[in-house]
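Residue numbers (the numbering used here), protein chains in the order written: chain A, 1 to 183; chain B, 1 to 92.
Keep in mind the hints are simulated off the structure, nothing from the lab.
Think of the CB as a built atom: it goes at the ideal place given N, C-alpha and C, for glycine as much as any other residue.
Not one of these hints is a red herring.
Coverage of chain A stretches by chain B, computed from C-beta distances (three or more under 8 Å per stretch; other residues unrestricted):
hint	segment
1	63-70
2	140-150
In the DSS-like style, the derived pairs of lysine-lysine whose C-alpha atoms are separated by at most 30 Å in a straight line are:
hint	chain 1	residue 1	chain 2	residue 2
3	B	Lys-87	A	Lys-43
4	B	Lys-6	A	Lys-121
5	B	Lys-6	A	Lys-50
6	A	Lys-109	A	Lys-31
7	A	Lys-121	A	Lys-21
Sample of chain B residues facing chain A (criterion: CB under 10 Å; computed from the structure):
hint	residue
8	His-9
9	Gly-60
10	Cys-62
11	Arg-63
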Amino acid sequence: MRDYPLENRYAFPAHEVAFNKGASISLSPVKGGFVVHVLGDAKSDEAALKQTINKIAPELGTDVRGHSPNQWFWVGSVDISNDRLAEISAALHPQFVMTDQTHGRVRMKLSGPSSRVVLAKGTMVDLSPDLFAIGQSAMTQIGHIGAMITRVADDSFELIVLRSFAGSLWDELQHMAAEFSHG
Amino acid sequence: MSSLVKCPHCGLRPREEFTIRGEVATPRPAAGADEAAWFDHVYLRDNPRGEHREYWHHSGGCRRWLVLSRNTLTHETSEVVDASTLKSEGGA
Ligand SMILES: [Zn+2]
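Same shape as in the complex, but just chain A:
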């Protein structure tokens, strides 16, 4: 038995409404779901990863975001139990291994017509619609905080950040977006 109680703490500020309704920018935590880090061997590729996921757990989708050669974050919106994850891990094609990063890395969504201008204050990755397509990801830094940016819709970006940086990034994004925060 442990001799101290475990406390389930939320990674985001308690007051999570960042901007007025009607502002050209919105920021919200992405709650629930999973983030799994997948490592492949040198010959692995994204198509093979999607294929093996599709075979084992088609219900979880194949939203995989490459952040390095042969490394991906597999992301989904459904909550999965540890048992199910262990099952999937065991059934994975042997050229891949996975580590659960759910809670270790958290997601937030920055949307609205001003989202690109706001992100451009923090990263030098060119997020122009014609260069950064929907579904495309980039591992980069927003200010000094390492983050993965994924374009999920027309003017909408999902950010994956280490849990302990979530509060700081949230705060920083609010400052970066202050000029657009009034509806």
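Fit chain B with the ligand to the supplied structure of chain A, relying on the hints for placement.
Then chain B with the ligand, alone, in the frame of chain A:
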């Protein structure tokens, strides 16, 4: 304006995303080589005027070690490759 480096995996990125390790040293001497050879390998650097190869770590991106060719005179960077390619050169 920050200088841009073309990571072979991530594309054009600002210099701030990288950590610079320094010159790509000559291949490691044989295990039994004499002290002078080891001293040279560990401590002595050429500091050339012109083309120079350095290890850069893309710490703010793909986290891969890269080998970058930089002109020490103009600071222009030319070829950037993944450091694993040095294996085939027999270096590192
Ligand atoms: Zn890179």
